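Adding 30 to a residue's 1-based position in the sequence shown gives its number in the working numbering.
In case anyone wonders, no lab produced these hints; they're calculated from the structure. All values derive from a computational prediction rather than experimental measurement. There may be inaccurate statements among the hints.
Simulated pairs of lysine to aspartate or glutamate, DMTMM-like, Cα-Cα distance not exceeding 25 Å [claimed, not checked]: (1) K112 <-> E184; (2) K112 <-> D225; (3) K131 <-> E189.
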Amino acid sequence: RSLATLLLLLSVSLTPVDMAPEQPYTEDDERAMEPVNPHDVIIFDVAYTIKTSYCYEGRTQSGFSVYAGALDLHGQLLWLGKLTRDNCKVHQTHEHRFEGKASFTSPKNEVLECIQGGNSDACDPRGEVVFIDMRGEFVDDWSIEMVTVNSIFEYDLVEYNTSFEHAILDPCKCRLDEPVVYQIGPASGQFLKRDSLPNVRDWISDFF
Numbered sequence: 031r032s033l034a035t036l037l038l039l040l041s042v043s044l045t046p047v048d049m050a051p052e053q054p055y056t057e058d059d060e061r062a063m064e065p066v067n068p069h070d071v072i073i074f075d076v077a078y079t080i081k082t083s084y085c086y087e088g089r090t091q092s093g094f095s096v097y098a099g100a101l102d103l104h105g106q107l108l109w110l111g112k113l114t115r116d117n118c119k120v121h122q123t124h125e126h127r128f129e130g131k132a133s134f135t136s137p138k139n140e141v142l143e144c145i146q147g148g149n150s151d152a153c154d155p156r157g158e159v160v161f162i163d164m165r166g167e168f169v170d171d172w173s174i175e176m177v178t179v180n181s182i183f184e185y186d187l188v189e190y191n192t193s194f195e196h197a198i199l200d201p202c203k204c205r206l207d208e209p210v211v212y213q214i215g216p217a218s219g220q221f222l223k224r225d226s227l228p229n230v231r232d233w234i235s236d237f238f
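With the hints as constraints, model all of the structure from the sequences given.
Laid out in structure tokens, this is it:
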């Protein structure tokens with residue numbers, strides 16, 4: 031009887047009474063572990079070109095990042111995407127241009143619903159407004175003349191392409207000369223300084 035009592039005490043002391051019981055494996059867990067089907071998403075290629083100014087040298091030692099934003103009809107920010115992988119530096123540009131491209135994905139059913147709504151121009155990440163973030167590693171000034179953003183995606187063998195050009199009215203005076211965020215657009219010639227990047231759903235001013 032004493033041996034049975036000892037074994038009972040040992041079994042009680044080794045039982046992890048404070049550990050929650052293991053939950054059963056569910057179908058949701060299985061779906062979460064499945065890879066995303068590439069046929070369920072649409073890939074958007076967003077390319078940008080920055081034309082540097084001829085007023086000064088088309089180069090800078092400062093680090094910067096480029097963002098593009100899509101707006102609704104009321105000027106509310108619907109999407110904000112970073113187009114540069116890391117902080118860029120323009121040591122030498124080709125024909126006074128700096129170019130880059132980034133890719134984004136969106137669920138195919140959402141894009142299809144948007145296209146069927148009759149406004150295909152509002153179904154992709156667009157560059158209606160551009161933000162250049164110079165806060166990371168500011169060293170020297172930079173002067174630019176224009177920023178162009180092109181968004182391309184394909185659905186059902188049809189290619190959709192939207193393009194926005196943002197010209198600087200007076201590039202010799204509108205210099206990127208402080209470690210701040212520069213807003214270019216959405217209005218023609220708009221060039222503003224901001225303390226920070228906006229958030230999605232923020233209202234983006236088109237007055238300057």
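*Does the alpha-carbon distance linking K112 and D225 stay inside the 25 Å limit?*
Holds, at roughly 17 Å.
*Between K112 and E184, does the CA-CA distance stay at or below 25 Å?*
holds (21 Å)
_Does E189 sit within 25 Å of K131, going by the straight-line distance between their CA atoms?_
This hinted pair holds, its Cα atoms lying about 17 Å apart.
This entry satisfies every hint, going by the numbered hints stated previously.
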